[in-house]
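Asks: So you can see what is in the structure, the chains are spelled out below.
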Amino acid sequence: MSKKSYRQAINEALAQEMRRDPTVIVMGEDNVGGMGAPGEDDAWGGVLGVTKGLMPEFGRARVLDTPITESAFIGAAAGAAATGLRPVAELMFVDFMGVCFDQIYNQAGKFRYMFGGQGTTPLVIRTMYGAGFRAASQHSQCLYPVFTHIPGLKVVIPSSPYEAKGLMIQSIRDDDPVIFFEHKVMYDDEEEVPDEPYTIPFGEANLTREGGDVTVVAIGRMVQFANQVADKLEKDGIGCTVIDPRTTSPLDTDSILESVAETGRLVVVDEASPRCNMATDISALVSQEAFSALKAPIRMVTPPHTPVPFAPELEDLYIPGPDQIEAAVRAVAGYRA
Amino acid sequence: MLQLNRDTLVEAFTLMKTIRDFEDRVHTEFATGAIPGFVHLYAGEEASAVGVCLNLNDSDYIASTHRGHGHCIAKGCDVDGMMKEIYGRRDGLCGGKGGSMHIADLAKGMMGANGIVGGGPPLVCGAALSAKTLGTGGVAVAFVGDGGSNQGTTLESYNLAKVWNLPVIFVVEDNGYAETTASAWAVGGSQTKRAEAFGMPGREVDGHDFFDVYEAAQEAVERARAGDGPSLLHVRLGRHYGHFEGDAMAYRAEGEVEALRRDKDCLKAFRTRVTETGLLEPEQLDQIEREVGARIDAAVAGAIGAAAPAAEDLLTDVYASY
Ligand SMILES: Cc1ncc(C[n+]2csc(CCOP(=O)(O)OP(=O)(O)O)c2C)c(N)n1
Ligand SMILES: [Mg+2]
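Residue numbers (my numbering), protein chains in the order written: chain A, 1 to 337; chain B, 1 to 322.
Quick caveat, the hints were computed from the structure, so don't treat them as lab data.
Glycine included, C-beta positions come from ideal geometry on N, C-alpha and C.
Accuracy of the hints is not assured; some may be wrong.
[Claimed, not checked] Pairwise CB distance ranges, derived in the manner of DEER restraints:
1. B:Tyr322 <-> A:Ala293: 32 to 38 Å
2. B:Ala294 <-> A:Gly49: 37 to 43 Å
3. A:Ser2 <-> B:Arg290: 56 to 62 Å
4. B:Gly33 <-> A:Gln118: 52 to 58 Å
5. B:Glu256 <-> A:Arg60: 18 to 24 Å
6. B:Ala34 <-> A:Gln288: 48 to 54 Å
7. B:Tyr322 <-> A:Pro201: 41 to 47 Å
8. A:Pro38 <-> B:Arg225: 38 to 44 Å
9. A:Ser2 <-> B:Glu256: 36 to 42 Å
10. B:Ala311 <-> A:Arg60: 49 to 55 Å
11. A:Glu210 <-> B:Ala250: 44 to 50 Å
[Stated by the list, open to error] Facing chain A, a subset of chain B residues (Cβ under 10 Å, in silico):
12. His102
13. Pro309
14. Ala310
With these hints in hand, go ahead and build the complete structure from the sequences.
Replies: Here it is as structure tokens:
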């Protein structure tokens with residue numbers, strides 16, 4: 001056990017799985033860096049350094065840099081996954097999915113069903129998501145609801161370094177295509193992370209706080225904010241259960257419904273654009289399955305229905321934060337019909 | 001070169017120097033922490049943007065890349081508005097909502113810098129289709145990097161421009177790298193042979209030589225305007241800074257950038273050429289340099305002092321109507 005960053009936790013998971021299983025390969029743009037260039041090898045190790053050190057240990061045959069051709073290399077990763085390798089392909093920013101979406105949702109995500117259960121596609125696509133980097137509209141989206149929407153894909157959204165390592169190892173060992181979402185502002189977050197390999201199963205939510213008054217379901221980076229609010233409100237006598245679903249597909253509906261059965265009050269916090277996102281999905285689930293348990297209308301905390309703006313003042317307004325979560329929790333806790 | 005009059009030469013030098021000073025200044029301002037986000041600088045590549053865009057007018061369109069400041073300036077975007085945009089100010093060219101990677105000015109025919117590598121070429125086919133259908137006489141230019149030249153969208157656009165016989169010029173700006181990856185490794189085949197394979201002319205161009213770019217672009221633009229379809233320029237050049245601000249450039253050779261600045265500077269080459277042939281006086285160029293310097297100082301001061309967007313701006317302009 002030692003303190004590790006989100007970045008190190010993912011890097012360690014990749015390295016440990018590559019040591020364990022020679023069919024695990026890594027690919028992406030500048031995942032090594034300096035291909036064909038006169039300077040240093042392993043010059044970048046990915047745009048934010050997550051794959052640094054892998055090429056020196058595992059060689060270029062297992063850590064591949066790619067030209068800027070997402071359609072071709074993400075598709076190649078899918079094809080390789082269907083034929084004997086376990087590729088971990090990096091699609092730098094999730095916003096770039098648009099360039100190669102067909103290979104993900106019409107190809108990788110549907111092989112097994114269309115082929116009548118033949119074969120598996122053990123593909124992991126690592127990708128950065130989220131606002132807060134001043135990276136503007138084409139480098140800041142969440143988009144995980146889009147992937148959650150598609151049958152055949154699994155969607156993993158680790159909320160801390162510990163979660164990231166265990167979920168990455170599980171993703172690599174999983175036999176289905178997994179989209180693994182890394183929040184770009186969390187790479188330097190640190191916490192205690194075991195040195196040895198471990199897995200965290202998909203579809204099992206993590207209750208990061210327990211309290212009897214309000215259930216707060218939060219996704220990805222929003223879990224941190226929900227925890228802060230829960231800690232603050234506990235002092236004011238409002239007990240929150242904070243649920244981190246960890247994976248949005250599969251989704252641990254049982255944990256959510258059980259908690260709402262106890263609290264009768266639900267707030268869902270989602271950084272994704274508000275229409276057809278995880279907040280609407282989970283709210284619909286609870287409305288349908290736990291209507292009689294509800295003591296207050298469900299509250300959704302999301303950004304507005306706009307692209308992510310560039311100016312820091314606007315981006316800060318855009319991102320859901322602790323203040324909005326606190327207001328929502330107080331509103332449902334104090335609700336009287 | 002003979003066909004270029006003094007006014008055009010002065011304009012060329014002014015634009016190239018404006019780009020250089022703009023980028024050098026953004027580099028130092030970024031280092032102070034004053035500029036948010038990702039910034040990709042065009043310094044060193046000025047002759048390409050200016051050599052191409054001086055053959056265009058306001059009814060012609062260009063699409064740019066993430067490294068877009070130079071294309072914007074060459075196409076006539078307001079330098080004050082650009083600087084404010086890079087600082088995220090309300091009076092910026094895009095109201096502070098786009099930033100460095102999305103500067104656009106449609107009235108100037110500048111369809112935007114682009115955060116998506118390979119995003120521009122299809123859009124330019126559309127601009128050329130509009131020009132052709134509406135009979136504006138306009139042409140459209142896609143600037144694309146060596147890295148972007150490998151995107152499916154780019155190669156598909158070559159084909160579409162050819163089969164629709166569109167007035168398009170693809171300008172592949174080959175600065176040797178896509179992020180850290182050498183173009184010599186990442187590009188299969190050759191750029192000009194790719195053009196040939198799609199049935200359009202392709203020409204190698206020295207991107208450190210304004211005159212070479214200008215002349216090649218002139219030929220391609222005339223061809224497009226005459227209705228003879230697309231062509232491609234493979235412009236070789238070098239970038240003075242990292243991929244983006246903050247890149248330590250470990251992948252480049254020792255002394256590479258210094259040599260580039262010393263031996264391949266398009267501004268120095270331009271000055272030598274026009275003064276040795278007596279077309280412009282050194283004092284004239286010195287004067288332009290002083291004016292440009294003051295202009296950039298003013299742009300930075302203006303951007304620093306400008307107001308941030310207002311809270312209500314967050315919700316505007318998502319749709320034309322809703
Ligand atoms: C679709 C897509 N893939 C990857 C990126 C990340 N990226 C931004 S710039 C760049 C390199 C582009 O190289 P090149 O086209 O040669 O342009 P240069 O930076 O050299 O001007 C990459 C990989 C992106 N923005 N969009
Ligand atoms: Mg390049």
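Asks: Each of the hints needs a verdict: does it hold here or not?
Replies: Verification of the hints:
Here the CB-CB span from Tyr322 (chain B) to Ala293 (chain A) is close to 36 Å, well matched to the stated 32 to 38 Å. Remark: the range hint 37 to 43 Å for Ala294 (chain B) to Gly49 (chain A) is upheld by a beta-carbon distance near 40 Å. Checking the proposed 56 to 62 Å range against Ser2 (chain A) and Arg290 (chain B) shows it holds: the Cβ atoms sit about 58 Å from each other. Restraint check, Gly33 (chain B) to Gln118 (chain A): a C-beta distance of roughly 55 Å satisfies the suggested window 52 to 58 Å.
The hinted window of 18 to 24 Å between Glu256 (chain B) and Arg60 (chain A) holds, with their beta carbons roughly 23 Å apart. A hinted range of 48 to 54 Å holds for the C-beta pair Ala34 (chain B) and Gln288 (chain A), which are about 51 Å apart. Between Tyr322 (chain B) and Pro201 (chain A) the beta carbon distance is about 43 Å. The supplied range of 41 to 47 Å therefore holds. Separated by about 41 Å at the C-beta atoms, Pro38 (chain A) and Arg225 (chain B) satisfy the suggested range of 38 to 44 Å.
For Ser2 (chain A) and Glu256 (chain B), the hinted distance range of 36 to 42 Å is satisfied, since their beta carbons lie about 39 Å from each other. Against the hinted window of 49 to 55 Å, the Cβ-Cβ separation of Ala311 (chain B) and Arg60 (chain A) comes to about 50 Å, which satisfies the hint. For the hinted restraint 44 to 50 Å between Glu210 (chain A) and Ala250 (chain B), the CB-CB distance of approximately 47 Å keeps it satisfied. Proximity of His102 (chain B) to chain A holds as hinted, the smallest CB-CB distance being about 6 Å (cut-off 10 Å).
The restraint placing Pro309 (chain B) at the interface with chain A holds, with a minimum CB-CB distance near 5 Å, inside the 10 Å limit. Against a cut-off of 10 Å between C-beta atoms, the interface hint on Ala310 (chain B) holds, since the closest Cβ of chain A lies about 9 Å away.
Going through the hint list in order, the structure satisfies each hint without exception.
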